[in-house]
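Protein chains: 2
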Amino acid sequence: MADMKYLKDRIRADGRVIGVNILKVDSFLNHQLDLDVMSVIGRGFAERFAGQGVTKILTIEASGIACALMAALELKVPVLFAKKSRANTQPEDLYTAQVKSYTKEETVTIVASQRYMTPQDRILIIDDFLATGEAVTGLLSLVEQSQATLVGVGIVVEKGFQAGGQRLRASGVTLHSLVVIEEMGPDGIRFTGDH
Amino acid sequence: MADMKYLKDRIRADGRVIGVNILKVDSFLNHQLDLDVMSVIGRGFAERFAGQGVTKILTIEASGIACALMAALELKVPVLFAKKSRANTQPEDLYTAQVKSYTKEETVTIVASQRYMTPQDRILIIDDFLATGEAVTGLLSLVEQSQATLVGVGIVVEKGFQAGGQRLRASGVTLHSLVVIEEMGPDGIRFTGDH
Chain R
-7 MADMKYLKDR
3 IRADGRVIGV
13 NILKVDSFLN
23 HQLDLDVMSV
33 IGRGFAERFA
43 GQGVTKILTI
53 EASGIACALM
63 AALELKVPVL
73 FAKKSRANTQ
83 PEDLYTAQVK
93 SYTKEETVTI
103 VASQRYMTPQ
113 DRILIIDDFL
123 ATGEAVTGLL
133 SLVEQSQATL
143 VGVGIVVEKG
153 FQAGGQRLRA
163 SGVTLHSLVV
173 IEEMGPDGIR
183 FTGDH
Chain P
-7 MADMKYLKDR
3 IRADGRVIGV
13 NILKVDSFLN
23 HQLDLDVMSV
33 IGRGFAERFA
43 GQGVTKILTI
53 EASGIACALM
63 AALELKVPVL
73 FAKKSRANTQ
83 PEDLYTAQVK
93 SYTKEETVTI
103 VASQRYMTPQ
113 DRILIIDDFL
123 ATGEAVTGLL
133 SLVEQSQATL
143 VGVGIVVEKG
153 FQAGGQRLRA
163 SGVTLHSLVV
173 IEEMGPDGIR
183 FTGDH
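Protein sequence lines correspond, in order, to chains R and P.
Mapping of the first sequence onto the numbering used here: position 170 corresponds to residue 162, and the numbering continues sequentially without gaps.
Mapping of the second sequence onto the numbering used here: position 46 corresponds to residue 38, and the numbering continues sequentially without gaps.
Zero decoy hints are in this set.
Heads up, the list lumps identical chains together, so a pair's fine if it works in one copy or across two of them.
Calculated pairs, SDA-like style, for lysine to any residue (alpha carbon to alpha carbon, straight line, at most 20 Å):
(1) LYS16 <-> ILE181
(2) LYS16 <-> SER105
(3) LYS16 <-> ARG107
(4) LYS76 <-> SER19
(5) LYS(-3) <-> LYS16
Please keep in mind that the hints were generated in silico from the structure rather than gathered at the bench.
Isolated chain R, as found in the complex (with noise of 0.2 Å):
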């Protein structure tokens, strides 16, 4: 089994918390990857959704891109990058979506070209964080646009103190994140499950 407790203990030993909402990972997942936590997302995704069909890995860039694609060489599927565009013109053969970020304030609009998702796919969606859910909503709606099947939703770092979690799981989505942090703060974090 892919070992949680190691991720967990790197996220305290080597995360920033900043404020209450900010968790800066820098060292291992968002600026510099660590190969042993990639291995451990990798399979951690593949114990929990292998053996249900996935064709294909849907994330965004661009750190998700890294571990969709340790998720992806364990299920054996390709991986598809959602680009964020800043272009005002949408040409035809894209799904995009409106994805709000919170940490910098802005909207941009997500895009993925239709040739390389259809109605015959099954698609697990992958990304590093939860936090709001703007983005994995975004994600939502490009697959529901191509008609694919949505097999689920994997995240590395769920904030369960925020509330995108908690609608996605209302919403009938399949839901399943790594590790969930239940509080943080400058005296540490703690995680859901560790009583």
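Given the coordinates of chain R, work out where chain P should sit on it, guided by the hints.
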């Protein structure tokens, strides 16, 4: 040996040449990631740069990440991906460089944390495309600022008819491109060495 004929065949079969300068390889590298192609890329770089004491691979978001990660899995070193920033402020703990994008007609600042690249590092730079060489030149500047040792530069697809490769080699950089396109257009793609 990693099979560069396979990579060329995929570029010929699935790449779309637009005008004389643009090659879209969205179906396996720049939007969708094909695992067979990615595997050839990772092994190709590893065969060229193994045994040279590389401690870290430096790339740039977004489409360089997957190529760098595949090489990193072979060479068993971490990846550092420089980020594109539009911020005007420059925090003191960052290496920064200006990179002009010809396709997007804009200049972006690329940044890397000083924490993750030091004089003790031996850096391999990896990117997907080399045309005018602006991105690689920016990455070289980050390495120089860090006083790390540059082992070399690995490129998946070099456009040999643009000036970047020649300029980098003339400056003494060890540059290895998995494939080099000599000419491309409506009639097809000719690679260097295919005569």
